[in-house]
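Below are the chains, spelled out letter by letter.
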Amino acid sequence: MWASGSMETILSLSDVSWRHQVRDFSSWKPWAKRDGAGIYSVDLEIKSGTILGLIGPNGAGKTTLMRAICGLYDCEGFDKSCETRRTEIGYMPEQVRWEGRITVNHALKSIAMMREDPVDVESLIQTVGLSSKADQMLDNLSQGMRQRLSLACALIGNPKLLVMDEPLNGLDPLAQRAFSNLLKNLAKKGVAVVISSHQVADLESLVDEIALLHQGQLLIEGSLAKVRNDLGLEDNSGIVDMICSATGIDPEEVSLELSRDSMLPFKSLGGEEE
Amino acid sequence: MNAISLGVQIMKERLTAGRMMVIWPLLAMFILFSSWGLSDPKVTLPASIVIDSAYDVMFVSTAFIIFSATLGAVLISFDGVSRDRLSGVLEVKLSQPINRSVFAKSLLFGHWSAIFLPVMVLNLVSLFVIWYRLDDLPSIEELFIHTLGTALLLLWYTSIQLLASSWAKDMGSSIAVGLGVWMIFTLLWLVLTTVVAGLSGVGVDDLNSAEYVKIDAIMDLFSPNGVYHHLLEMPLDDVDRGMSPLYTSIAAILWSIIPIHLFTRRIERLKP
Chain R
1 MWASGSMETI
11 LSLSDVSWRH
21 QVRDFSSWKP
31 WAKRDGAGIY
41 SVDLEIKSGT
51 ILGLIGPNGA
61 GKTTLMRAIC
71 GLYDCEGFDK
81 SCETRRTEIG
91 YMPEQVRWEG
101 RITVNHALKS
111 IAMMREDPVD
121 VESLIQTVGL
131 SSKADQMLDN
141 LSQGMRQRLS
151 LACALIGNPK
161 LLVMDEPLNG
171 LDPLAQRAFS
181 NLLKNLAKKG
191 VAVVISSHQV
201 ADLESLVDEI
211 ALLHQGQLLI
221 EGSLAKVRND
231 LGLEDNSGIV
241 DMICSATGID
251 PEEVSLELSR
261 DSMLPFKSLG
271 GEEE
Chain F
275 MNAISLGVQI
285 MKERLTAGRM
295 MVIWPLLAMF
305 ILFSSWGLSD
315 PKVTLPASIV
325 IDSAYDVMFV
335 STAFIIFSAT
345 LGAVLISFDG
355 VSRDRLSGVL
365 EVKLSQPINR
375 SVFAKSLLFG
385 HWSAIFLPVM
395 VLNLVSLFVI
405 WYRLDDLPSI
415 EELFIHTLGT
425 ALLLLWYTSI
435 QLLASSWAKD
445 MGSSIAVGLG
455 VWMIFTLLWL
465 VLTTVVAGLS
475 GVGVDDLNSA
485 EYVKIDAIMD
495 LFSPNGVYHH
505 LLEMPLDDVD
515 RGMSPLYTSI
525 AAILWSIIPI
535 HLFTRRIERL
545 KP
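Residue numbers (our numbering), protein chains in the order written: chain R, 1 to 274; chain F, 275 to 546.
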């Protein structure tokens, strides 16, 4: 079903930045907008057959980066156009609430019709384990089943790159294991996978490489062991230790503050400005 | 992949939606009952309206089509974009390699046909009702204008509603904008016309005066319902509000182009 290949670069990101436009309440004009949070100067190479974990706390910019990769934001810095990326990438957003009085089969066919090439919907339904639910109404699906349907949508068109935003949320442990097995099998066949989470533990057994995001910036990337080694951390260190080590924040001073809209370059390693 | 085939999928989704349980009886009551009542040979109408042909019945019953079919268009389309946006499904759709303008056209076609199809089925049934009651049928030309006018009216409302739905970021504002627009054009336009006539120095005590009828005809060009009536008045010899068919055609074209263009542009720039 999927073509296998060597570790070639599927997508290259160079100095990718994107700022959300948010309502400017300081202006009298109701239509006035200003730059909000986003991602700043991200450099990344995504290689075939690898599973890359995007790790970062809430508001780090994981979803924004994933949307940018998938061509939902028209930003510069990619080696491929938005149209090409949308053809080659399968995207699974976080927690899609599939609803309505239409069947799983119909919903998947509607999405499949948005692609040029014919799609074997039955096979996709079988791949994600929804065969017994194919004729059920979307309203009657559990959250886990909805996640599977989102995965089926992402697999339409045999993508070279799968981008998945916190896909393990809402899945039971058995489904999580099945999900991980499926992703590993796809990676073996040469599909690159980008998967996000705010927990290192969630991805530890699954990913080949991680990329640590914080306040819209990519702090460090590489294999989990290499990242921990570079940051001088122990094997069981989590996301907080990584961020604190990479940014120089004292773990005792960690606050609930999210990424600021007035984003400034603050890339640092071990507390030292790069 | 094209706008029509994707639109047919959307139409099927909309036709099987729960809200059709409300829309079908609403349309049936207004369209069929008005045809039945107005084709009664003994019917007496206000404002010295005389009904002596099948097209006269169809023309007068458009008042009921305006009320029910446009409300149906609003109920079908008000969440055409906002629902998918809120549920996250729009993100899945926009990440597909479909041209955004083709996607916008498929949304328009799907939502428009989901209301046009039931209205046309009921219009066909009402033709039999009129034939049974009056033993008369409209000419092909009259039927064509009536169908075209109804199709355009529903297209205008659908495109306006979808545009509003693409702006709204929650279901509440989506419903408010949808029903608000419908109420302005369907219920409040007469008030607005009267205000404009008053400000223009035209007496509003006699709504049949030549000056008021002229103002009313001009104001109708700025409302989808008004342009619909102008279109349907074209085959009627005994109705003349002094509006050139050229102006009516220009208004119909502008009402078709502007909302569709704005909606297409909106979808092209939409961020999930």
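A couple of the hints might just be wrong.
[What the hints assert, rightly or not] Derived, one-sided and incomplete: chain R residues facing chain F with beta-carbon distance under 10 Å:
id, residue
1, 72
2, 84
3, 93
4, 163
5, 222
[To be verified] DSSO-like mimics (lysine-lysine), calculated; alpha carbons at most 30 Å apart, straight line:
id, chain 1, residue 1, chain 2, residue 2
6, R, 33, F, 545
7, R, 184, F, 443
8, F, 443, F, 286
9, R, 47, R, 133
10, F, 488, R, 109
11, F, 367, R, 33
12, R, 184, R, 133
13, R, 133, F, 316
14, F, 286, F, 488
15, F, 443, R, 47
16, R, 189, F, 367
17, F, 367, F, 545
18, F, 545, F, 379
19, R, 109, F, 316
20, F, 545, R, 29
21, F, 545, R, 109
22, R, 189, R, 226
In case anyone wonders, no lab produced these hints; they're calculated from the structure. By construction, the Cβ of each residue, glycine as well, lies at the ideal position given by its N, Cα and C atoms.
So, going through the hints one by one against the coordinates:
no. : hint          : result
1   : 72            : holds, 6 Å
2   : 84            : holds, 8 Å
3   : 93            : holds, 4 Å
4   : 163           : holds, 8 Å
5   : 222           : violated, 28 Å
6   : R/33 x F/545  : holds, 15 Å
7   : R/184 x F/443 : violated, 37 Å
8   : F/443 x F/286 : holds, 25 Å
9   : R/47 x R/133  : violated, 34 Å
10  : F/488 x R/109 : violated, 52 Å
11  : F/367 x R/33  : holds, 26 Å
12  : R/184 x R/133 : holds, 25 Å
13  : R/133 x F/316 : violated, 58 Å
14  : F/286 x F/488 : violated, 43 Å
15  : F/443 x R/47  : violated, 37 Å
16  : R/189 x F/367 : holds, 26 Å
17  : F/367 x F/545 : holds, 12 Å
18  : F/545 x F/379 : holds, 18 Å
19  : R/109 x F/316 : violated, 54 Å
20  : F/545 x R/29  : holds, 21 Å
21  : F/545 x R/109 : holds, 24 Å
22  : R/189 x R/226 : holds, 25 Å
This entry does not satisfy hints 5, 7, 9, 10, 13, 14, 15 and 19, going by the numbered hints stated previously.
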